[in-house]
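Visitor: Below, each chain spelled out in residue letters.
2 protein chains.
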Amino acid sequence: MVKIAVLGFGTVGAGVVDVIYDNADIVAKNAADKIEVEYILDIRDYPDSPFAGKVIHDFETIINDDSISVVVETIGGTKPAYEFTKRSLLAGKSVVTSNKELVATHGAELIKIAKENNVNYLFEAAVGGGIPIIRPMAQCLAANRIDEVCGILNGTTNYILNRMINAGLSFEKALAEAQEKGYAERNPAADVEGHDACRKICILAALAFGRHVYPEYVKTEGITKITLEDVAYAESDDKVIKLLGRARRVDDKGRAYVFVAPHLVSRESPLACVNGVFNSIMVSGNQVDDVMFYGRGAGKYPTASAVVADVIDAAKHLNARKYLSWDDGDASCVADLSEFKSKYYVRVSGDNARSAAIDTFGEVKFLSCADADSNECAFITDEMTVSELNAKLEKIKNHVALLSNMMVL
Amino acid sequence: MVKIAVLGFGTVGAGVVDVIYDNADIVAKNAADKIEVEYILDIRDYPDSPFAGKVIHDFETIINDDSISVVVETIGGTKPAYEFTKRSLLAGKSVVTSNKELVATHGAELIKIAKENNVNYLFEAAVGGGIPIIRPMAQCLAANRIDEVCGILNGTTNYILNRMINAGLSFEKALAEAQEKGYAERNPAADVEGHDACRKICILAALAFGRHVYPEYVKTEGITKITLEDVAYAESDDKVIKLLGRARRVDDKGRAYVFVAPHLVSRESPLACVNGVFNSIMVSGNQVDDVMFYGRGAGKYPTASAVVADVIDAAKHLNARKYLSWDDGDASCVADLSEFKSKYYVRVSGDNARSAAIDTFGEVKFLSCADADSNECAFITDEMTVSELNAKLEKIKNHVALLSNMMVL
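For the protein sequence lines, the chains are A and B, in the order given. Just so we're aligned: the first sequence equals residues 1075 to 1483 in my numbering. Just so we're aligned: the second sequence equals residues 1075 to 1483 in my numbering.
Keep in mind that the hints are not guaranteed to be accurate.
Identical copies look the same in the list; a pair holds intra-copy or inter-copy alike.
Stated by the list, open to error - Straight-line C-alpha distance at most 25 Å; calculated PhoX-like pairs for lysine-lysine:
hint	residue 1	residue 2
1	K1189	K1103
2	K1103	K1390
3	K1103	K1186
4	K1103	K1327
The set of hints was computed from the structure by calculation and includes no laboratory data.
Throw the hints in and build the complete structure from the sequences for me.
Guide: What follows is the structure in structure tokens.
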């Protein structure tokens, strides 16, 4: 029997315990051993829970119990998750987590400590919720040089954008609806400002390119400025607006372009077909070309599904190191975007907007929007670097007002 | 150093050798050891190949060389692949293959032999080419009871259907184009009749439900009867026609509905967005809900990418058994479809076709097709079992001619 402790009896923690007992036979078969939840650590009591008897309040009980070989951390945030994770690893216990903030902030150090103590730090659930992505990237694509990772990494913003596109709701109305449905927090900043997607692309970039990417170095733009006019202009060219986290390989030293921003995505792309709260991650390898992983990026049981898969994996490798590893990183790991090439969506307003567009960008593809003011226009440029774009935007601003611009995928 | 032998220097075999040397550093890093191709077995010589010196013609050389720990079988078919694979496993060598026909025909036996000899028989490339699916299902979804697997498993037929849908080509014209482009064989039966998709769904069903599923028990229908009228009727309801391999769990004894047939798929489904020669596999788990895996289902390097990932895995587990396993199966593993529930597309021709449809099926959703004869009609039924459908089809045939019918996803 493999005894585990679950830290944090919130939504995900409770889901993990449910899955372990609801699917006990399947879990035992796949782990080739019975998994038993010995302790559930939480500051609260849960007298009405069938697992009330397992709930404790003192982490020391867990750290001092040598029979606990795997610790599941579903507290979230960095305090006290960081300390509990570090101490568990140092005590020779493998740790499984769904905590993207902790992995994105302290992942390199915690992976190193796990390695030094011959235990595992696993976090399949930290990116894409229930979607298998960490292990497939590390194992199934092991014959490839990863060139790019690009994904819809936040279900809340994807839901909001979908409602703007399909129901014509304004950003504010779509956000309010998402909050009503429980898809968005009362304070939605972490989602709508792109910070949640940022943490996830940092983890994927580290896995793909071998160096830790710290969120503070990653240019992050959310969806709060997207308007229904932008949505309509995109639609007129058979495109949809998606918030993408992207990481593109620059060199062999682990340097990459890493950023989060809204994009116009062609309906031809499978990423355009990702609806509602679903997530999807496209990975490009130099041999396999594009592969995509799709599923529920959040939610109690999808996330628990990924956590328990890692618990099973940890239980099967109690005395063996897993593949997951990357080196520490710094500001130099994130390449300046100025040389990043893309096509762009640009929307300007003013007299002779169209001629200003042509004078500045040359041949462009104009888009249409029934509800737009007659003196504005939007268009898609040829491919150019970000610095070339910025130079042209500065120039065109001498003649018209810049309303919005986005990359085109 | 891990020495391997490659059996068959055709497209995939050559791709495997290329990937191992083109990505040598990545492969060595991920395998934590250097991978060296010692022998390439083929009946032909390849004097112009940079690997000409490795080409041999006698399998005995490989079987008698104890330094060879992994054998890659990319011969295809069952003769001599079956014998070579069996003897390699009995000799204590792990075997990696892309040979879906062999896995679908003899997989249970070969997995058993591998287990008895404490080596591995790995076949990620046998389903979905470069798409990670076998390992993610076995590991990442290990906490789930798998309820259904449903996928676009054949790129050739998906390309043909796409061209019928997007370019208005007839089946014959689209097939001819696929043959010109090298997407379809000169004898396209294995693809267009659904046999290739059948082998793949058999392997996925065995992995999902634990019992080997032999292709001969699986009802398999191809796309040769699909017409442009069917495509247009589907389009009028915002649906596309896709050839799907499906396996749905019936009970805990490994029984499942397993079949291959063209379906009408709503454009809302991510499966509808799979274009060209790409494949996509949807897996439904009782905790994770739907997850989907998308990528190139065939091709030299995508397939080689999956084969080499397995070679890396085998090299890392020379003395350890992997997870992959299922028991042998028989006719009883494939449940009779009569109780399978679905909505259906039905197209009939004759005087009063519409009233015959209503008299027989009650309230139905009629579809439209500009080019169809005035005396025909097509519609979508409510959900009912296959036996209920067949009874109604028998009844309606007393009044009108049945032109076509398909399941609706």
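Visitor: Would you pick out the hints that fail for this structure and give their numbers low to high?
Guide: none
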